[in-house]
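**Student:** In case you want the letters, here they are:
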Amino acid sequence: GNSVTQMEGPVTLSEEAFLTINCTYTATGYPSLFWYVQYPGEGLQLLLKATKADDKGSNKGFEATYRKETTSFHLEKGSVQVSDSAVYFCALSLRGNRDDKIIFGKGTRLHILP
Amino acid sequence: EAGVTQSPTHLIKTRGQQATLRCSPISGHTSVYWYQQALGLGLQFLLWYDEGEERNRGNFPPRFSGRQFPNYSSELNVNALELEDSALYLCASSLVGIGQARGSEAFFGQGTRLTVV
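Quick mapping for you: the protein sequence lines, in order, are chains H and F.
Numbered continuously in the numbering used here, the first sequence closes out at residue 114.
Numbered continuously in the numbering used here, the second sequence closes out at residue 1117.
Extracted from the complex, chain H is given alone in its bound form:
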């Protein structure tokens, strides 16, 4: 089946540290890949996306590269801020009428200490 696996949290870092949140996927077909972020008390916001192999999505200093050979889409940021504290979800979508939905990982909670 189709699924997304991301690293368990919580992840706690100091401000200005380098961030990596690992994400791997299993998909029957050629998925589009997404990272969503959920700030405390809010809904989900799309952070970045990539639609084909070797594409790099980027936004707000975050980056992720679509790696078909390793079925991965790891999220990185060079220098995190306290305001980046949130829950991050890796997700995929597939073309096709019956699988027309986004499949999410379980989420990774990130705490950034000042």
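It should be emphasised that the hints constitute simulated quantities derived from the structure, not laboratory data.
Hints are supplied without guarantee of correctness; some may be wrong.
[Stated by the list, open to error] Straight line, CA to CA, 20 Å or less: simulated DMTMM-like cross-link-like pairs of lysine to aspartate or glutamate: (1) Lys56(H) with Glu69(H); (2) Lys60(H) with Glu42(H); (3) Lys60(H) with Glu16(H); (4) Lys52(H) with Glu1105(F); (5) Lys52(H) with Glu76(H); (6) Lys60(H) with Glu1105(F); (7) Lys1013(F) with Glu1105(F); (8) Lys56(H) with Glu42(H); (9) Lys106(H) with Glu1084(F); (10) Lys77(H) with Glu16(H); (11) Lys56(H) with Glu1084(F).
With chain H fixed as given, assemble chain F onto it according to the hints.
**Tutor:** Here is chain F on its own, set in the frame of chain H:
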């Protein structure tokens, strides 16, 4: 432009009652998705509506149902509420079905926090 709006923001019900949650998609979006976010369980797909019809549903019992109106807004109904139904219910909309166009984005509302006591 207004985003996806959900109402109410909070809802408290007793076990056995019915809950109705509402969602207004972004103007022009025809697809609406419902997800349940229970504590520690991530996001579970509930329902997908497109052009007024239910297109797909997740692994939830039939007491979870809904509909999409001609203006593309949507309602989620949960009958015979159980304590485990307590969760954040998120609605998302997209211009076309997620799987119809590569990279099609879904935009989420703030959610309705349902508490069953």
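**Student:** Please go over all the hints and tell whether each is borne out by the structure.
**Tutor:** Status of the hints after comparison with the structure:
Restraint check for Lys56(H) and Glu69(H): the C-alpha separation of about 15 Å stays at or below 20 Å, so the hint holds. A threshold of 20 Å between alpha carbons decides the hint, and for Lys60(H) with Glu42(H) the separation of about 18 Å falls inside it, so the pair holds. Note on Lys60(H) and Glu16(H): the hinted pairing holds, with a Cα-Cα distance of about 14 Å set against a maximum of 20 Å. A C-alpha spacing of about 15 Å is found between Lys52(H) and Glu1105(F), which places the hinted pair at or below 20 Å, so the restraint holds.
Annotation: proposed proximity of Lys52(H) to Glu76(H) holds, straight-line Cα distance about 18 Å (limit 20 Å). Only pairs whose Cα atoms come within 20 Å are accepted, and Lys60(H) paired with Glu1105(F) is accepted, the gap being roughly 18 Å. Of the supplied pair hints, the one linking Lys1013(F) and Glu1105(F) is violated, its CA atoms being roughly 33 Å apart against a limit of 20 Å. Between Lys56(H) and Glu42(H), the direct Cα distance comes to roughly 26 Å. Violation of the 20 Å bound is thereby established for this hinted pair.
Distance restraint check for Lys106(H) and Glu1084(F): the Cα-Cα separation of roughly 18 Å lies within the 20 Å cut-off, and the hinted pair is therefore satisfied. At most 20 Å may separate the alpha-carbon atoms for a hinted pair to count; Lys77(H) and Glu16(H) meet this at roughly 9 Å. Taken as a hint, the Lys56(H) and Glu1084(F) pair is broken in the structure, with Cα atoms around 39 Å apart against an allowance of 20 Å.
Of the numbered hints stated above, those contradicted by the structure are hints 7, 8, 11, listed in ascending order.
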